[in-house]
Structures are given as structure tokens and as C-alpha cells.
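**Q** Residue numbers (the numbering used here), protein chains in the order written: chain A, 1 to 221; chain B, 1 to 221.
These aren't lab readings, by the way, just hints derived from the structure by calculation. Since the structure is predicted, the reported quantities are computational estimates derived from the model, not experimental observations. Wrong hints could be hidden among the right ones.
Copies of the same chain look alike in the list, so a pair counts if it works inside one copy or between any two.
Below, in silico cross-link-like pairs of lysine to aspartate or glutamate (EDC-like), each with a Cα-Cα straight-line distance of 16 Å or less [as the list claims (entries may be wrong)]: (1) LYS197 x GLU216; (2) LYS173 x GLU146; (3) LYS58 x GLU119; (4) LYS184 x GLU205; (5) LYS23 x GLU2; (6) LYS218 x ASP87; (7) LYS115 x GLU75; (8) LYS218 x GLU192; (9) LYS172 x ASP199; (10) LYS218 x GLU202; (11) LYS173 x ASP199.
Protein chains: 2
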Amino acid sequence: MEFQKTEKNTVKRGAKKASYNKKEIYALLDASEICNIAFNVDSFPYVQPINFGRTGNKIFVHGSLKNRMTNALIEQGTACLSVFHLDAMKLSKSAFHHSVDFRSVVVMGNVRELKTNKEKLVGLKSIVNHFVPNRWEHCRAPNDSELNATKVLEIEIDSASAKIASSPVSDKKDDEKLDFWSGKIPIKTVSEYPITKKDVNENIEIPKHVLDFYEERKNGF
Amino acid sequence: MEFQKTEKNTVKRGAKKASYNKKEIYALLDASEICNIAFNVDSFPYVQPINFGRTGNKIFVHGSLKNRMTNALIEQGTACLSVFHLDAMKLSKSAFHHSVDFRSVVVMGNVRELKTNKEKLVGLKSIVNHFVPNRWEHCRAPNDSELNATKVLEIEIDSASAKIASSPVSDKKDDEKLDFWSGKIPIKTVSEYPITKKDVNENIEIPKHVLDFYEERKNGF
Numbered sequence: 001m002e003f004q005k006t007e008k009n010t011v012k013r014g015a016k017k018a019s020y021n022k023k024e025i026y027a028l029l030d031a032s033e034i035c036n037i038a039f040n041v042d043s044f045p046y047v048q049p050i051n052f053g054r055t056g057n058k059i060f061v062h063g064s065l066k067n068r069m070t071n072a073l074i075e076q077g078t079a080c081l082s083v084f085h086l087d088a089m090k091l092s093k094s095a096f097h098h099s100v101d102f103r104s105v106v107v108m109g110n111v112r113e114l115k116t117n118k119e120k121l122v123g124l125k126s127i128v129n130h131f132v133p134n135r136w137e138h139c140r141a142p143n144d145s146e147l148n149a150t151k152v153l154e155i156e157i158d159s160a161s162a163k164i165a166s167s168p169v170s171d172k173k174d175d176e177k178l179d180f181w182s183g184k185i186p187i188k189t190v191s192e193y194p195i196t197k198k199d200v201n202e203n204i205e206i207p208k209h210v211l212d213f214y215e216e217r218k219n220g221f
Numbered sequence: 001m002e003f004q005k006t007e008k009n010t011v012k013r014g015a016k017k018a019s020y021n022k023k024e025i026y027a028l029l030d031a032s033e034i035c036n037i038a039f040n041v042d043s044f045p046y047v048q049p050i051n052f053g054r055t056g057n058k059i060f061v062h063g064s065l066k067n068r069m070t071n072a073l074i075e076q077g078t079a080c081l082s083v084f085h086l087d088a089m090k091l092s093k094s095a096f097h098h099s100v101d102f103r104s105v106v107v108m109g110n111v112r113e114l115k116t117n118k119e120k121l122v123g124l125k126s127i128v129n130h131f132v133p134n135r136w137e138h139c140r141a142p143n144d145s146e147l148n149a150t151k152v153l154e155i156e157i158d159s160a161s162a163k164i165a166s167s168p169v170s171d172k173k174d175d176e177k178l179d180f181w182s183g184k185i186p187i188k189t190v191s192e193y194p195i196t197k198k199d200v201n202e203n204i205e206i207p208k209h210v211l212d213f214y215e216e217r218k219n220g221f
């Protein structure tokens, strides 16, 4: 299944690197703890990093009651967010052709504030389980006073595109013979072994969902 | 030296984690290959990841002549961009207190298109040397036809703030005694050893500026 190509999400520069495949886009979103989201305040476009959840075609974000971003998104009714994974620095022989290997997604969606506690819990569960899969069952669920202090937004994805670059360093024919060094510096984002907090009961071992997360990401994600 | 606190850049949520220190903000910008930048097209705020340079209090970005982002920023005359480094996942005993250790910067600035080739070269040099320090001297400089195919923007930083979280996992007093596992999963972004491109003259070794970059970032940045 693919997202429809529209004026908003169609990749023009580097169109060959573009993907509109839902499965691929969802996987890249799920491999990212943080997205960057844009919002207008007095017609000035801000960008802010924020954690999020994804369940099906919906993204969830949350913020405190007076949060500037959350309230701007509710007022706006739409949202654009991006995730980005850097995989390599590509150093060409000409300044102009330096680039990176990367995997990125840009998503456009429609925003709805979740008003009932039941709905809010659905959104927060998505956020916590996006943070570390299966975490929700292994911690205390939010209580009423916590839910009342939080706005939870659902962003139904309307259109999206991914851009994936994974290719050799390139130079123009004339530049290939130049006596400059050229090559890649691979970049990885890795998780290290979990560190238990001191106040955890000494009979409690690091649970499977935490070790699974570590194992899956220890060599990069 | 500090950036002035204004309505736009003052951190309200987690104000204790905020910094307005120029040196600290510049260092976090320099440790990031990619920023996310916001821009309006038909009043819709988009966000897009992009590489950039920084020299003094100026940030430089570039794009092809018809690039939607570059042209929107020129029209807008202002820009907001962010960088984000994820350092740890913090798993608390309550769903509500999960968080991350991170270092982020949000910058607001005034946009000016660089029109002459001399000015464009200043911007592109900043971008290439931000990519890998001292790279500019070790590759072919852009020629006139490349410069003519590129718009280069200077963003003079008007206000900025950093937010730095590096603290133990926290829970409410009542939750500390719960029998859930709690702790941190450290996250690092590391560079791996440079890989020379096949067409590089075999007498050319990996140069110092490339090895310096690798050494500085092999254990995380």
C-alpha cells in the first residue's frame, strides 16, 4: 500500500530516492524515538523535537495543558513532522557533491485532540510502546490527575514520503581523476547495555522487553 | 555571552534545563550534521531535514534554484531550525515519567539570500567545513556553473535556546516502591572507520582531517 502523491508530499529533488510505501514509512517512523514537528504561532513557523507514538495510520503526541506547540497544532488542525536517520558522511572530490546516506520521512496529517480519558490512554499507550515496545504493561498506567494535566493529540496521516539514500560517493567524470581523498564515514546510532536504577528491588532482573530493545539496536538502527 | 530571552526563545517547560549560552549553543550546532528547518508554503508549516554550516553567529543553508524550502525561507525572511542529540532512554516505574536525556537547540534567525559568487563561496565553505572540519581545502571548490545552480542563504541568529537533560530517571515518591524495573538505556551516535572510495589514487592515504573527524566521534557525539 502506498500513500497518494500530492503537491505536498511529492519528492522533487532526488525523486529516485523517494518512497511512498506505507510499510517502509511506518518502519522508519518506528525506528525513531524523536520527530521534529512544525507549527505556526502568529504566522511564524516553529520547529520542535518531540517524542511520539504510531499505531496504524495514526501518530500521537502529547504536551502539558499550556504547551505552545500542542495548542498551536490543535488550532491549526494539521501537522507536518519529520524523522531522520544519518547513515554515512559521503566525501566527494568536489565540494559540491558532498552528501550523506540517510533515511528520512516527512508526514502530513490532520490533528484531533483526544478529549476523554479512554481516548487519551490509547494515545499515551501508543507513545510509551513506541518508546520501548511492550513497555506499557511493565509500568504504572497514568492516573486521572496525570491525564487531566496532559493534552494528547492524534495525527491521522494524510500523506507522507520517505527518502532513502544509500549509494556510493559520486563525482563528475572530470573530477574522478583529481588527487583528493574521497570516501565514506559510516555513522551509527547504537544503544548500550541498560543500566538499572538504584531503587529497583534487587530481585527484579532487566526484563525481556528492555533487553529486546537493546539487542535490536545495539548495532545501529 | 548569552542570547537574550524573548517570547520566542524562552523555554517554559523544563526551564531548569535551559541554556542561552552562545558558546554552548554553537557547540551543539557544530556537533550536528543535520538540522530540521520550518517554513510556510500557503500558510502550511512544513519541516524538513537539511545540512548546514555555522560561522560565528551565522548559519548557512543551500538548495537548488527551484527548491521549495529555500524559496519559502527567502520569501519569509525569517527561519526557525532545531538540532537534537539523543543520549539515553529513561524508563521510569510510571508511564507518565518516561523521558530522555538529550541535548537540543532551537534557533530563530533572519534570512538573507547571498547573491554574489564571492558571498556564496563563503556560505558553501562554512557548510563543507561544518560537514567535516577542514574539508574545504581538500576538495575542488565549486565552479561558476555549480554556483549558478545553487541558492545559498545566510541566517543571522536572532535568538536561540538550548535544552540539556542529563539526570537520573525520576519517579514520584509513591511510585518508587513499585515492583517495576526502571533504568536507563544509553544511546550513542558514533562514527566508524572511514572507507576509501575505489577510484582514489592508491598513494593517497586517509588524510588527517578525516581521521580527526573519526577520532573525535568514534565514541559518540
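**Q** Report the numbers of all earlier hints that the structure fails to satisfy, in ascending order.
**A** 1 and 10
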